[in-house]
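Novice: Sequence:
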Amino acid sequence: MADIDTLPHPVPERLRRYMGAIMDADAHEYTPVNMWEEQFGSVVRPFVDAHLDSKMPIRAHVDADDAPIDADQVWNTKFAKAPGAFDFDRRLEVMDYTGVRRQLIFPGSVGLYGASFFFRAEGFPDMYRGITGDRKGYALQMIRAHNDFALRVARASDRLRMVAVALAPDVDSLIAEVKRLMDGGVRAVWLPSAALPGGVSPAHPDLYPLWDMLQAADAPVLAHVGADFEFLTTAKWRDAPAFVGWKAGEEFQMDPWTLSTLHLPVQNFLATMVLGGVFEAFPNLRFGACEVTAQWVGPLAQNLDFWHANSRKFSLGNMEGALPIRLQPSDYIRRNTRFSIFDIEPVDTYIEQFNMPELYCYASDYPHPEGGRAPMADVSGKLAKFDESITRKVFVENGSWLLPD
Numbered sequence: 001m002a003d004i005d006t007l008p009h010p011v012p013e014r015l016r017r018y019m020g021a022i023m024d025a026d027a028h029e030y031t032p033v034n035m036w037e038e039q040f041g042s043v044v045r046p047f048v049d050a051h052l053d054s055k056m057p058i059r060a061h062v063d064a065d066d067a068p069i070d071a072d073q074v075w076n077t078k079f080a081k082a083p084g085a086f087d088f089d090r091r092l093e094v095m096d097y098t099g100v101r102r103q104l105i106f107p108g109s110v111g112l113y114g115a116s117f118f119f120r121a122e123g124f125p126d127m128y129r130g131i132t133g134d135r136k137g138y139a140l141q142m143i144r145a146h147n148d149f150a151l152r153v154a155r156a157s158d159r160l161r162m163v164a165v166a167l168a169p170d171v172d173s174l175i176a177e178v179k180r181l182m183d184g185g186v187r188a189v190w191l192p193s194a195a196l197p198g199g200v201s202p203a204h205p206d207l208y209p210l211w212d213m214l215q216a217a218d219a220p221v222l223a224h225v226g227a228d229f230e231f232l233t234t235a236k237w238r239d240a241p242a243f244v245g246w247k248a249g250e251e252f253q254m255d256p257w258t259l260s261t262l263h264l265p266v267q268n269f270l271a272t273m274v275l276g277g278v279f280e281a282f283p284n285l286r287f288g289a290c291e292v293t294a295q296w297v298g299p300l301a302q303n304l305d306f307w308h309a310n311s312r313k314f315s316l317g318n319m320e321g322a323l324p325i326r327l328q329p330s331d332y333i334r335r336n337t338r339f340s341i342f343d344i345e346p347v348d349t350y351i352e353q354f355n356m357p358e359l360y361c362y363a364s365d366y367p368h369p370e371g372g373r374a375p376m377a378d379v380s381g382k383l384a385k386f387d388e389s390i391t392r393k394v395f396v397e398n399g400s401w402l403l404p405d
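Going by full-length UniProt numbering, the sequence shown opens with residue 1, and the numbers climb by one from there.
Note that these hints are calculated values from the structure, not bench results.
All values reported here derive from a predicted model rather than from experimental measurement.
There's no promise every hint is true.
[Unchecked claim] BS3-like mimics (lysine-lysine), calculated; alpha carbons at most 27 Å apart, straight line: (1) Lys179 with Lys136; (2) Lys55 with Lys78; (3) Lys136 with Lys55; (4) Lys81 with Lys55.
[What the hints assert, rightly or not] Label-pair distances were calculated between CB atoms; the ranges are: (5) Leu327 with Glu122: 38 to 44 Å; (6) Val48 with Lys313: 56 to 62 Å; (7) Glu122 with Asp148: 22 to 28 Å.
Beta carbons: idealized from backbone N, C-alpha and C, even for Gly.
Let the hints inform the model, and build the full structure from the sequences given.
Specialist: As structure tokens, then:
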């Protein structure tokens with residue numbers, strides 16, 4: 001481990017009082033393709049072959065996770081060469097070095113690409129064309145390989161909150177997989193928000209056993225960018241000269257249209273849960289939206305409150321009976337949900353406009369470049385105008401809802 005006394009300090013001075021307590025609400029496993037079989041097993045070999053010609057950074061050959069753990073490497077080196085990118089004993093050292101108590105760790109290789117492939121396997125035959133036969137079935141095998149890996153790492157340390165992928169063709173299979181994960185020690189699951197979970201609405205009673213299980217385990221259900229292709233039936237909205245020539249990330253395109261709409265699947269998923277009474281029925285259920293920005297949350301709360309207040313105007317005879325929810329929609333959002341923020345987001349403006357400081361969580365997105373090179377300084381600097389309690393909320397307390405004891 002790096003000697004912290006001989007290097008630039010990795011944590012801004014105003015946050016050092018929270019070292020050892022900081023919660024990181026979005027990070028990633030990032031295993032390079034040449035290490036996939038070792039990390040995930042021989043089942044991924046066809047997936048390795050399918051990525052041999054990839055131009056994405058995941059294809060870059062990295063022999064070992066051995067970069068020095070110092071301020072420069074931790075904050076400036078990205079992808080598989082970053083310290084602790086795929087060796088999770090070293091990830092714990094990086095967390096110690098940056099004062100992080102716990103970290104939500106989403107898939108960044110086999111699990112991420114497997115989820116993306118699941119939604120594209122039938123409609124895009126040229127994608128991974130060497131994988132034939134039951135292509136969606138193979139994508140589910142990749143997701144299973146990631147989930148098995150998540151189980152192994154989760155057992156090693158409670159600080160490493162590995163996020164498993166909860167994706168299945170029907171409700172019974174979905175519930176069975178989540179039960180396997182919860183029984184094995186996983187404490188967080190990602191439900192891709194563009195698709196109906198198990199083929200039904202998130203508010204359908206068939207999913208109540210799932211929500212009940214997650215509530216009992218204090219395990220958050222999470223939304224995340226990266227597998228949202230099904231939400232819009234076409235991506236041709238992006239087919240215009242103004243949206244050509246922009247960067248492409250491994251989770252999403254970075255053109256203006258994509259960046260301005262990437263929150264829509266999560267917004268729809270969350271609105272369905274709130275108005276459909278899921279948080280009424282399961283008051284301690286935890287929901288987190290990660291890496292989809294947070295500028296839309298305050299306006300969503302206002303929008304849902306407005307329509308809830310006027311819902312009887314459109315009711316078929318239910319002018320006096322009970323509505324599906326007893327509280328204001330914004331109350332459920334405050335109580336049950338949290339949102340990771342990018343370093344570039346004006347979180348101070350969100351707090352001033354909507355007075356919902358309990359919603360926003362610090363996140364590094366480690367080791368992805370979207371996390372920035374100084375996320376702690378960038379976020380804490382925007383909060384300096386407020387009482388110190390707001391900084392503590394964003395860096396410690398809010399994230400604790402998603403990363404509980």
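Novice: For every hint, state whether the structure bears it out.
Specialist: Quick rundown of the hints versus the structure:
Restraint check: the Cα-Cα separation between Lys179 and Lys136 comes to about 22 Å, which is no more than 27 Å; the hinted pair holds. Proximity of Lys55 to Lys78 is assessed by CA-CA distance (about 16 Å); at most 27 Å being required, the pair is judged to hold. With a CA separation close to 23 Å, the supplied pair Lys136 and Lys55 stays within the 27 Å bound. At most 27 Å may separate the alpha-carbon atoms for a hinted pair to count; Lys81 and Lys55 meet this at roughly 16 Å.
At roughly 41 Å, the beta-carbon separation of Leu327 and Glu122 lies within the given 38 to 44 Å, and the hint holds. At roughly 57 Å, the beta-carbon separation of Val48 and Lys313 lies within the given 56 to 62 Å, and the hint holds. At roughly 25 Å, the beta carbons of Glu122 and Asp148 sit within the given window of 22 to 28 Å.
Checked against the numbered hints listed earlier, the structure breaks none of them; every hint is satisfied.
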